[in-house]
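Full structure from sequences and hints, please.
For the sequence shown, my numbering gives the first residue as 4, with consecutive numbering after it.
Just to be clear, a hint being listed does not mean it is correct.
DSBU-like mimics (lysine-lysine), calculated; alpha carbons at most 35 Å apart, straight line [unchecked claim]:
(1) K271 to K34
(2) K171 to K99
(3) K234 to K171
Cβ pair distances, simulated, as ranges [said to hold, decoys possible]:
(4) V103 to Q186: 46 to 56 Å
(5) P77 to S238: 53 to 63 Å
(6) V52 to Q232: 22 to 32 Å
(7) G120 to G225: 22 to 32 Å
Everything labelled a hint here was simulated from the structure, so no lab data went into it. Because the structure is a prediction, the values reported are computed rather than measured. Backbone N, C-alpha and C define an ideal beta-carbon position, used for all residues, glycine too.
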Amino acid sequence: MSSDTHSNLFSQVDRTKDPDFFVRFMDEAQKPVAIQASKRLMLERIAVVPGEAVLEVGCGPGTDVFDMVELVGPAGRLVGLDASEVMIAEARRRAKELQVAVTFEVGQVQALPFPDGTFDVCRAERLLEHLPNSERALAEMVRVTRSGGRIGVFDFDWDSLMIDHPDKETTRTVVLSYSDSMQNGWIGRQLPRLFIERRLKVLSLDAVQVFVHYAMAELFLGSHLAVLQTKGTLSAARAQQWWEYLQHANEQGTLLISFTAFIIVGAKS
4 MSSDTHSNLF
14 SQVDRTKDPD
24 FFVRFMDEAQ
34 KPVAIQASKR
44 LMLERIAVVP
54 GEAVLEVGCG
64 PGTDVFDMVE
74 LVGPAGRLVG
84 LDASEVMIAE
94 ARRRAKELQV
104 AVTFEVGQVQ
114 ALPFPDGTFD
124 VCRAERLLEH
134 LPNSERALAE
144 MVRVTRSGGR
154 IGVFDFDWDS
164 LMIDHPDKET
174 TRTVVLSYSD
184 SMQNGWIGRQ
194 LPRLFIERRL
204 KVLSLDAVQV
214 FVHYAMAELF
224 LGSHLAVLQT
234 KGTLSAARAQ
244 QWWEYLQHAN
254 EQGTLLISFT
264 AFIIVGAKS
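Shown next, in the form of C-alpha cells:
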C-alpha cells in the first residue's frame with residue numbers, strides 16, 4: 004500500500020491504488036466471532052421494527068444493511084450511504100444479486116443529503132474512528148433522525164489493543180502508533196460524552212472484547228509495520244523479529260490479540 008496506514012486511507016478509498024483491498028478488508032473484518040456477536044448486540048439494542056426508515060452511514064459493501072432487510076419488512080425503508088463510489092458500486096451489485104429492495108447512495112456523513120428528521124434509526128459501525136471530524140458526523144446523524152428516533156454507534160478504542168508478546172517495548176510502539184494513525188483512535192471512550200453533549204438520552208452502553216484471528220492481524224498490523232519501517236520508527240530486522248513471534252504463536256495456538264469495542268444507542272428528544 005502507500006506510506007499511510009490503511010486506517011487513514013479509509014477516508015479516501017477511491018483514490019488509493021487498490022480500492023478493492025478495502026472491500027476485501029471489510030469482508031474479512033466481519034469474520035471474528037466477537038464482531039458477529041457485537042453486530043447482533045447492536046441490532047438488539049437499537050431495536051429496529053417493521054415499517055421503520057433506517058439509514059446506515061459508512062455502509063461499505065452493504066453487509067449491515069442487508070442484515071436489516073427482514074427487520075424493517077416490506078413496509079420499511081433501508082438506505083446505505085458511503086463516501087466511496089467503489090463501495091457503493093459493490094453494495095448495489097450485492098443487492099441485485101440478493102434481490103433485495105434497498106437504496107445505496109454516495110455521500111459524506113458530515114453533510115448528509117437528507118432533510119431533518121427523515122429516519123427513525125441512524126446507525127454507524129466502525130466509521131467514526133476514520134473521520135477527521137467525528138463530532139460533525141454525529142451531529143448530522145442526529146439531525147436526520149426524527150424526534151424519538153434512535154442513533155446507534157459501534158466503534159473501537161484502539162489504545163485498548165492488547166497483544167501477547169515478550170517484546171514489550173516494540174509492542175507498545177506498535178499499539179500506540181497504530182492508535183495514533185487513526186483519525187480518532189480514542190473514539191470508543193468518547194462516545195458516551197459525545198452522545199450526552201448532543202442531548203441524546205443514552206439507552207444502552209456496552210463494551211465488548213474483540214479477539215482477532217491471525218488473518219485479520221495480517222491485514223491491519225502487517226500494513227502498519229510496513230509504515231513504521233518506512234518512517235524509520237522500526238528497523239526491518241526488529242519488525243521482522245516482532246512479527247515472527249506472532250507467526251509462531253499462531254502456529255502453536257497461543258496467539259492472543261484483542262481490543263475493546265463500544266456499542267452505544269441513544270434516543271433523540
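Taking the hints in turn, this is what the structure says about them:
1. K271 to K34: holds, 32 Å
2. K171 to K99: Violated. K171 to K99 sits at ~49 Å, over the 35 Å cutoff.
3. K234 to K171: Given that 35 Å is the threshold and the Cα spacing comes to 20 Å, the pair holds.
4. V103 to Q186: 46 to 56 Å: Roughly 32 Å apart at Cβ, these two residues miss the hinted range, so it is violated.
5. P77 to S238: 53 to 63 Å: Holds - the Cβ-Cβ distance for P77 and S238, about 59 Å, lies within 53 to 63 Å.
6. V52 to Q232: 22 to 32 Å: Check failed, 50 Å falls outside 22 to 32 Å.
7. G120 to G225: 22 to 32 Å: violated, 44 Å
The structure shown violates the earlier hints numbered 2, 4, 6, 7.
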